[in-house]
Amino acid sequence: MTPDKLKTILLVEDDDKLGRQVRSHLTEAGFEVDWLRHGHDALAADPSQYGLIVLDLMLPGTGGMDVLKHYRGQRCDVPVLVLSAKTDAAIKVRALDLGADDYMTKPFWPGELVARVNARLRRPLANAGDSIEIGRLRLDQSARRLFVGEESVDLTRVEFDLLLALARRPGVAVERGWLAEHVLDPERDGTGRTLDVHVSRLRRKLGDRAVCLQTVWGVGYRLEPDA
Amino acid sequence: MRLRPRLALTALLAGIPLIAGSVWARSAIERSNAVDGLTRLVLQRMLDGGRDECSRWPESWPIPSGPGMGPGMGPGMGPGMGGEGMPTWEERQTRMQAMLRGGGGPRAFSHLGPPVEFFAYSADLTSRNRLAPALHEDLRTGLLDGRKVVSRGRSNDSDSPLEIAVRMDWFDEPESPSAIVLARQVGASEFGLAREFLWGVTALVSVMLLTLLLSAGPVVGRARRLTRNVRRSATDQYATSIPVEGSDEISELALAFNAAGAQCRAHTDLLEQRERSLREFVEGTTHDVMLPLTVLQGHLTSLAKTSSGEQAATLRDAIEEAHYMTSLIQNLATTAKLEAEDAPPRRDPVDLVALCERVVARHMPVGREKGVRVEPVLPGDPVVVRGDETLLEQAVSNLVHNAVRYVDRDGRVLVVLSAESGRFSLRVLDDGPGISPDQIGHLTERRWRADDVRARHPSGSGLGLAIAKEVALRHTMELTLGTAPELGGLEADLQGALG
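So the protein sequences, as listed, match chains G and L.
Each residue of the first sequence is one higher than the one before, counting from -15 in our numbering.
Each residue of the second sequence is one higher than the one before, counting from 566 in our numbering.
Treat the hints as calculated values from the structure; they're not laboratory data.
Computed from a prediction, not measured in an experiment: that's the story for all the values here.
Check before you lean on any hint, since a few could be wrong.
[To be verified] The calculated lysine-lysine pairs, modelled on DSSO-like cross-linking and capped at a C-alpha distance of 27 Å, are: (1) Lys870/L <-> Lys(-9)/G; (2) Lys1/G <-> Lys70/G; (3) Lys870/L <-> Lys935/L; (4) Lys(-11)/G <-> Lys1/G; (5) Lys870/L <-> Lys1/G; (6) Lys70/G <-> Lys53/G.
With the rest of the complex left out, here is chain G:
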């Protein structure tokens, strides 16, 4: 997946005003947007050249569900974010069953849409890629090594797992209880307070990037890429 492709979004939306607006906000957020107004146009398009598809379900002619079914039938795994004005849970469930990755209910805020698109585009990179980059931090998953800039930093197993768990969801705090359960060694560390000890050691090892590793009100930790 090339970085260029990740920045390209296919928007399928029949409403002129909304389409224009969504396109403008996504463009502003740094994406390149191809906008299609009709379902049959969407059927003819090649979804694989896009990083993400924003698909309205209420389209004249061929509906959004049909478009989705068609794409998934082509074994295309491009993430699809569905837009719907329906609050009916059955429709969401059906869309998710057909292979939609996420949905947004109208009305939504442009910032909300951008956040959802970003979250969706970031995730496959974190899961599939061999290494995860958060600002100047780079986690090599297979070698289980951390690089701050070009400098390699030695981490214990717990420290690496802790950082990896946070790096998978940059900007979102991970709950303490979950970290204690999934990262700590139950035999050696027990739970709770030892987590803080590991975090403070990790902070020392991160040096000037320690600001990235933030404590959220005693309920969780977060890796903030922009800090």
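Once you've looked at the hints, dock chain L against the given chain G.
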């Protein structure tokens, strides 16, 4: 009182006077017959030689002499009594005893059974026979009044002797020792007849009662069936009609129930139809409003980015109002949905991690305009529960929106999700002023009502929390409100089982 006992009681109340009356009438007739019989017996006895015997042996009469017994003497008198001439005193005593034991009368009156004693009195009401009892006052009075036959005794009291005094035709002859004859009958075989009669009447009344109860059986059974059918029909809102049996009063009742049920059904159908129309209208309207509202929000966002100063502040307010309107419309749709469905909600798998991310993303842009940080704190894995995703998302969204609205500028809102031992806890905390404990109690006690949509002033927060509470209730989750230990403001904690 149930029908059968009531019938039985009525029959008894009617039967007892009937039996009593019959017995009384019967005993009066019996007595009158007995008096007539005794009178005839007296007359026959006297005319059959009794008068002559009495004239001959006034001191000992009625013990008769052997040959003068007249026809029809009972076989019990035996051959030993046969003899010529005057009977001895002993013989007469023996005969008298035998007579008193019974069977001393002519055959024609043998059905009278008990022995009859005769005594003769002269016109001054005294007897020459020492054994004769004094005439009772009642009899004396009657005789002195000039009555031909006077009787006393045995009306209700069956054991008292029946006495009749007959004024003989020769009453006015001077010196007649038998001017008045007293016949006295002790014991009463007639009452034996009366007893049989009593049993008869009682048996008759019992048979009537039984017949009544037996014939009431099917009626009671049908009434019960009808009751059951009416109840069953009521449970399905009179959708099924009651089966009508036969063509009598009970079937008419069933028909009347059916007619009433049909009216009820028609009325309910009309109400349901109206409610459905209204709900469809609300759903349609909310749907139609979603698109322009999205566009409006987009425009406001664009304008806010390029404005500054007072204009930026105005736009911030506008954004917040638009956000509130959005929330209100979504709550309206949720309310319509909750009202429409009394049934348990859907049980789709819902990932609360994704749900929290969506909710945070929804409120983050508005929070950012206000300077409020909305921070999610989530587990690294999906947390899956069962439920209606739209309802749950709206509930969590309401909690977050409530927090965002009430924290001060530069405030914080945390959305903390954790899962442990099969249960999850989704906490929404803020560092706002919080809510006083009595208000918290009020909010948690309150049940969600559709009326609140209209009653709630736009500045209020009750509807959102009340809807969240209702959604939690329908998902068998618990929503508790309290003070956030970490931030000091309000904490809303939604807890439930993982799916």
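### Query
Are the Cα positions of Lys1/G and Lys70/G separated by 27 Å at most?
19 Å, holds
### Message
With the threshold set at 27 Å, check whether the alpha-carbon distance from Lys70/G to Lys53/G stays at or below it.
### Response
The hint holds at about 19 Å.
### Query
Within 27 Å, alpha carbon to alpha carbon, are Lys870/L and Lys(-9)/G?
Answer holds: Lys870/L to Lys(-9)/G is near 22 Å, not above 27 Å.
### Task
Given the hint that Lys(-11)/G pairs with Lys1/G, test it: the Cα-Cα distance must not exceed 27 Å.
26 Å, holds
### Query
Under the criterion that the straight-line Cα-Cα distance not exceed 27 Å, is the pair Lys870/L, Lys935/L satisfied?
13 Å, holds
### Message
Against the 27 Å threshold, does the CA-CA distance of Lys870/L and Lys1/G hold or violate the hint?
### Response
19 Å, holds
Figure legend: structure checked against the earlier numbered hints; every hint is met.
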